[in-house]
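Q: What follows is each chain in one-letter form.
Protein chains: 2
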Amino acid sequence: MALTIALAQINSTVGDLPGNAHKIMQVAQKATEQGADVLVTPELSLVGYPPEDLLLRPSFLRRSQQVLDDLVSQSKQLSDLTFVVGYPRQVNDQVFNAATVFRNGEVLGHYGKLELPNYAVFDEQRYFDPDGAPCVFGCKGVRLAINICEDVWFPRAPALARAEGAQVLLVMNASPFHLNKQAERLQVVQSNVSRHSLPVAFCNLVGGQDELVFDGDSFALDAKGEVTARANRFSEDLLMLQYDPQSASLIGSLQPEMSAEYQAYHALTLGTHDYVRKNGFTGALVGLSGGVDSALTLAIAADALGPDAVTAVIMPSRYTAQISIDDARACAKALGVQTHEISIEPAYDALVASLAPAFAGRGPDLTEENLQSRVRGVLLMALSNKTGRLVLTTGNKSEIAVGYCTLYGDMSGGYAVIKDLLKGWVYRLSRMRNTLHPGVDGAPVIPERILTRAPSAELRDNQTDQDSLPPYDILDDILMRFVEQGQTVAEIESSGHSREVIAQVMGLIRGSEYKRRQAAPGARITRRAFGRDWRFPLTNRFSEKELFL
Amino acid sequence: MALTIALAQINSTVGDLPGNAHKIMQVAQKATEQGADVLVTPELSLVGYPPEDLLLRPSFLRRSQQVLDDLVSQSKQLSDLTFVVGYPRQVNDQVFNAATVFRNGEVLGHYGKLELPNYAVFDEQRYFDPDGAPCVFGCKGVRLAINICEDVWFPRAPALARAEGAQVLLVMNASPFHLNKQAERLQVVQSNVSRHSLPVAFCNLVGGQDELVFDGDSFALDAKGEVTARANRFSEDLLMLQYDPQSASLIGSLQPEMSAEYQAYHALTLGTHDYVRKNGFTGALVGLSGGVDSALTLAIAADALGPDAVTAVIMPSRYTAQISIDDARACAKALGVQTHEISIEPAYDALVASLAPAFAGRGPDLTEENLQSRVRGVLLMALSNKTGRLVLTTGNKSEIAVGYCTLYGDMSGGYAVIKDLLKGWVYRLSRMRNTLHPGVDGAPVIPERILTRAPSAELRDNQTDQDSLPPYDILDDILMRFVEQGQTVAEIESSGHSREVIAQVMGLIRGSEYKRRQAAPGARITRRAFGRDWRFPLTNRFSEKELFL
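As you go down the protein sequences, you meet chains B and P in turn. Using this note's numbering, the first residue of the first sequence is number 1, and each one after it goes up by one. Using this note's numbering, the first residue of the second sequence is number 550, and each one after it goes up by one.
Bear in mind the hints are in silico, worked out from the structure with no lab data behind them. Watch out, some of these pointers could steer you wrong.
Pairs of lysine to aspartate or glutamate, EDC-like flavour, derived with a Cα cap of 16 angstroms [what the hints assert, rightly or not]:
1. B:LYS181 with B:GLU150
2. P:LYS882 with P:GLU997
3. P:LYS572 with P:GLU918
4. B:LYS545 with P:ASP565
5. P:LYS625 with P:GLU655
6. B:LYS23 with B:ASP70
7. P:LYS935 with B:GLU369
8. P:LYS730 with P:GLU699
9. B:LYS140 with B:ASP70
10. B:LYS386 with P:ASP914
11. B:LYS386 with P:GLU917
12. P:LYS1094 with B:ASP16
13. B:LYS181 with B:GLU484
14. P:LYS1094 with P:GLU1049
15. P:LYS935 with B:ASP365
16. B:LYS76 with B:GLU106
17. B:LYS545 with B:GLU493
18. B:LYS545 with B:GLU491
19. B:LYS224 with B:ASP244
20. B:LYS181 with B:GLU257
21. B:LYS30 with B:GLU369
22. B:LYS386 with P:GLU918
23. P:LYS935 with B:GLU368
24. P:LYS579 with P:ASP629
Let's have the full structure, built from the sequences with the hints guiding it.
A: Quick look at the structure:
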């Protein structure tokens, strides 16, 4: 008789212990109705991932254990279903990134993660002790073992499970998304597990947590390492797998692949939705300039939250072209989003007049450009305070990398939707979104002219971004190589970029570190974003330029 | 014949490899003139501490090795002086937090740190591989061993050095300051090293690096663990030690102790000085309200940078009491600091008028208070942009903990001078500063009335901080227990605080996490500050209040 394994690809919320426990019981009920024998949940499913310094609070650990114990009791309600639930488990002075296996109100075993990632966005050695003692348990005569996430990125833990006689490896994950991560995960699991001819049931978290987005994409591999089942991406799912001990096959349903643009768009939508909703905001506000960044941000917000929960604020100045206002209005209209239009001129003039005595003898410079941006920031934050809606910032990764943005101006806001999208990707996602479905008025949600005009901050006459920056295709390529791939300047130079441009970009990146330190979080969708995996000092005299010397 | 060991308590700058190398050669010259046989520098002295993600750049590691190699060559100029210099040393795929010993142009050996701290502000397991193979070298017939910082917080590394026959342990440190750290260091070193009857020469870094302040306080212990020499605190020093192999004594000069308030004041002054100067700013700007926080911030800034490099900006509104303006003027005058006075009323009125249509039907609330604060932020940032001076923010730890501050308003600025001072400590340091020396006009630098008035944000009529917050003595005690000591709510309750107040404070801390995430860095002077050692999620439904349930 086949064994039925249910992978509960759930969206836990960090710190919401009772809510997550309730969610696990709900999905367990559903899994039972579908004939499940075993229910596998993601890494730290009971507490959300990553709980960060909550793990240093004794009360958090005690409460986690209490809620886990309650779940064990409640498991009596679902006769013979075996639960595998992740939570931080304290044993004397040690804390493990653990899983507990229980059935019919009784604990069958525990597993503690062996490999603790402490690179990129991960700080697990700050919180956890390594364990790795194999946990193999029986269910309908089949021997199942547990690994947790990073464990399968190395050979040790799967080999230990195999040595203990495991027939199927259950892998609990909170594996964050970035572009191409799916292929990477598969390859690593195949390399470390499939060589033992061990079928794999890989259950991943889904949802947004601050800067991280978990894409779900739970899957199964048979003993040969072939993909035999695949869950939804970017939404909750319950993936049912049938294990046949005779053939060692592990079979379920297969969801289709998605294009890279489609993945990125869904990741940003999910990240935005979860940040806004998990933090209890009723909606969001976007400053809409008539440019592509704010247009895409508005589209993502409207798709994530529904158009009624989003307000666009158009804030023109003397430097704003009429076509910018027209395009902004058209974009909001197509998305069905309410707008406010507020000129920044009166407040800007009042500020300039107030500052005039202190500025005596000094001509206009970047100060006045920043002032315009800051008036917009103040207006948006006032609307946010008054209405309870969260301000979404609209800066892209190219701008944030080189500091082409104003602290306390366009950087004001709680969540930076496209913070990890290079400018070229902003266009790619905008075009992709226009192909999905038209606006409520039948027009493209991002007006064509927005996609073809030269980008401008419109903070002085006839300004374009390229007055201050290298062309975006060059800038983006250098940023991708330096930030995401970690190339040296020599490698970047040998790819064909000029020494002058590389040096300019390096200087701009280093000089804008202080802005990024005070930036809002935003969804990470690349291998390296400006968040927890970018920890450069502010005070720093090292310049990559030195390497040209 | 006695061996002379020189402890070079230097102020390295992160990333300034040639500058730090030059500094090491300068101090080596001076040490030679004073008869030194061995020159010990702090942990990672060549590159500054902590270099953070610079350590992930291959170019940074290569360049560090180059500059180290240059130093080895230059050591020929100082005949027979043995150098002990810290830098990140790459060996194949491994990177060590290392020290290299060299003399007369030749390398005598290497040491790699064994214990890598990965808690509090430290992320060393993100960057380094552990080593710990003992490095014992001879100098004038004496056997000297090296440990690096965290090594002496555990028994293993000192025991290994002892087993290799070391007669003196040289300890290279980048040990950050917090109140009472001095006593803690001594006790730990005595416990782990002195039990081996091993004299200790402990060389610590001095200076500010972003949120960290290194206090110097290099010292020597004799074989019995008695302190026999002590360097300056909060400034560079060269501590000369005489080691007599006969008596195993290690003798130098002893600097006197400092009070806790004096230490804290010096730490903040050094942190402010180094942030402003190492980042190349010509000076600083402080918004001066007539309250104690901005008065103390201004005093620290003037002491750190000199009064000519500091500008105070007084920005009254309809809610500003005349005595606040008078006291602000008196404070600036006593400190000899230039002032600007700019009313926020015209800009505030213009913003309110611009927002009126969007606000139709909604009465005044916190929005209007935040608007006032944000106009001040915009004015300060405009002055900063125009003059190149850095804005120093004036919020204290009590306010920042509970979110009693305005994002993009009074939180606008590059460095938060008193961010780690609870309100009670703000008063303590203010009174202490008034006893040091009077103002340039003979008056107290912080006018007495500022120290006795009830604190108010002056954002509406007759407002005081205690309208919104528990009394500061209660708030501060709860914060000290929760934030700095990590007590549970049960422990805090048993110390005598009411459940209602504890729950209120816990709720305020959790609800203001998003503000702290976008806050400027500021000097850490307690066991736990709101910086790298405070990593709570923004999206977080766990409340300590749950523990009362």
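Q: Determine for every hint whether it applies to the structure shown.
A: Hints, verified against the model:
1. B:LYS181 with B:GLU150: 14 angstroms, holds
2. P:LYS882 with P:GLU997: 14 angstroms, holds
3. P:LYS572 with P:GLU918: Given pair P:LYS572, P:GLU918 is violated - Cα atoms ~49 angstroms apart, limit 16 angstroms.
4. B:LYS545 with P:ASP565: 13 angstroms, holds
5. P:LYS625 with P:GLU655: 8 angstroms, holds
6. B:LYS23 with B:ASP70: 13 angstroms, holds
7. P:LYS935 with B:GLU369: 11 angstroms, holds
8. P:LYS730 with P:GLU699: 14 angstroms, holds
9. B:LYS140 with B:ASP70: 25 angstroms, violated
10. B:LYS386 with P:ASP914: The given pair, whose Cα atoms are some 8 angstroms apart, holds under the 16 angstroms limit.
11. B:LYS386 with P:GLU917: The hint holds at about 9 angstroms.
12. P:LYS1094 with B:ASP16: 13 angstroms, holds
13. B:LYS181 with B:GLU484: Holds. B:LYS181 to B:GLU484 sits at ~13 angstroms (cutoff 16 angstroms).
14. P:LYS1094 with P:GLU1049: 10 angstroms, holds
15. P:LYS935 with B:ASP365: 8 angstroms, holds
16. B:LYS76 with B:GLU106: 8 angstroms, holds
17. B:LYS545 with B:GLU493: 12 angstroms, holds
18. B:LYS545 with B:GLU491: 13 angstroms, holds
19. B:LYS224 with B:ASP244: 14 angstroms, holds
20. B:LYS181 with B:GLU257: Between B:LYS181 and B:GLU257 the Cα gap is close to 13 angstroms, so the pair holds against 16 angstroms.
21. B:LYS30 with B:GLU369: 57 angstroms, violated
22. B:LYS386 with P:GLU918: 11 angstroms, holds
23. P:LYS935 with B:GLU368: Holds, at about 9 angstroms.
24. P:LYS579 with P:ASP629: 14 angstroms, holds
The structure shown violates the earlier hints numbered 3, 9 and 21.
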